[in-house]
Amino acid sequence: MINNLTKNSKWVLSLAFICIFSFTSFTGNREIGGYVDQAESRFVRNVWNFIKNFKTYQNVGAHSYKYTQYFWAEPFQFTGNSHDDYVDSVDLAYVAGHGNYHYIQTNQSQGLGVNLKNVPAYGDTGDDLEWLVIESCYTVSSRPEKSNWWSDYSGMFGGLHQLVGFHTLSWSDNGIPNNFAGKLKSNGAIWQSWFDAVNEERYWIFNPNIWDPQYGSDIPFPGLASVIVANGCTNDRLGSYANDPSPGTGGMYTYWQY
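Residue numbers (mature numbering (1 follows the signal peptide of the UniProt record, and there is no 0)): -27 to -1, 1 to 231.
One or more of the hints may lead you astray.
As the list claims (entries may be wrong) - Distance condition first, Cα-Cα at most 16 Å in a straight line; then the derived EDC-like pairs of lysine to aspartate or glutamate: (1) 119 to 97; (2) 158 to 64; (3) 156 to 174; (4) 158 to 4; (5) 119 to 101; (6) 39 to 97; (7) 39 to 13; (8) 25 to 4; (9) 158 to 146; (10) 156 to 173; (11) 25 to 174; (12) 28 to 4.
Hints were generated in silico from the structure; no laboratory data involved. Values in this document were obtained by computation on a predicted structure and should not be read as measured data.
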């Protein structure tokens, strides 16, 4: 385990297995999707404030990105035979809602949601998803939550590059989605841009704390970011990114803020 300190955050890296990676660039149009938990209106704003930055094609490096899906979230969009018509048909999916460890809610009144341990392999042959960003509490559980953290994600990483979100309570309806989108449009690295957007949200209001009941302690507002990264995909960005990784957890990394 390697400890790293950056200007605006403290984060930690954990490696599942040693990896070697290479980067490539694929010219052409790319798609973004937005999926909203049917609960508070803030989740609508969270997703919209990200995807609105891609209403028309945005040129980033060799690629052009535009949002093509914007839906109320439903389990079938993530699971079963329909996932490759929804989240697995776009290159980047942005989801906002209530969450728990490796879980994202889709409909509060009906008690529906998706357990990421049980979803199909994303990004495998014939499917598109490279990056799944989930703005919710706890969903992207990492090393602090479980020593064998990679075991929760062995099924979903079939070619998926990164799963990005929070490993603690998170506070939304703020500037993170728009700031994150701006960084990506400037060809910032995916998970690094997310961590920076989270950091910048807390620093402009002078580092307040929020109570996290699952940890039984205060954590920095608006929560602590985390990411699961497939073999060789650490420095992905919209303009250039790695070849699709092999399925499974070999060479998988996790980074988390603390």
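Take the C-alpha atoms of residue 158 and residue 4, compute the straight-line distance between them, and say whether it is at most 16 Å. Roughly 13 Å between the alpha carbons, so the hint for residue 158 and residue 4 holds.
Residue 158 paired with residue 146 [C-alpha distance capped at 16 Å]: violated, 21 Å
With a cut-off of 16 Å on the C-alpha distance, tell me whether residue 28 and residue 4 pass. holds, 11 Å
Does residue 13 sit within 16 Å of residue 39, going by the straight-line distance between their CA atoms? Measuring from Cα to Cα gives roughly 26 Å; hence the hint is violated.
Verify the proposed pairing of residue 25 with residue 174, using a straight-line Cα cut of 16 Å. Since the Cα atoms of residue 25 and residue 174 sit roughly 19 Å apart, the hinted pair is violated (cutoff 16 Å).
For a C-alpha distance cap of 16 Å, please report whether residue 25 and residue 4 respect it. holds, 13 Å
Straight-line alpha-carbon gap residue 156 to residue 174, limit 16 Å: holds, 14 Å
Does residue 173 sit within 16 Å of residue 156, going by the straight-line distance between their CA atoms? Given pair residue 156, residue 173 holds - Cα atoms ~12 Å apart, limit 16 Å.
Would the pair residue 158 and residue 64 pass a check requiring their Cα atoms to be no farther apart than 16 Å? Holds, at roughly 14 Å.
Distance restraint between residue 119 and residue 97, which requires alpha-carbon spacing of 16 Å or less: violated, 26 Å
Between the alpha carbons of residue 119 and residue 101, is the straight-line distance 16 Å or under? violated, 29 Å
Hint check: residue 39 vs residue 97, CA-CA at most 16 Å. Holds or violated? violated, 22 Å
Checked against the numbered hints above, the structure violates hints 1, 5, 6, 7, 9, 11; every other hint is satisfied.
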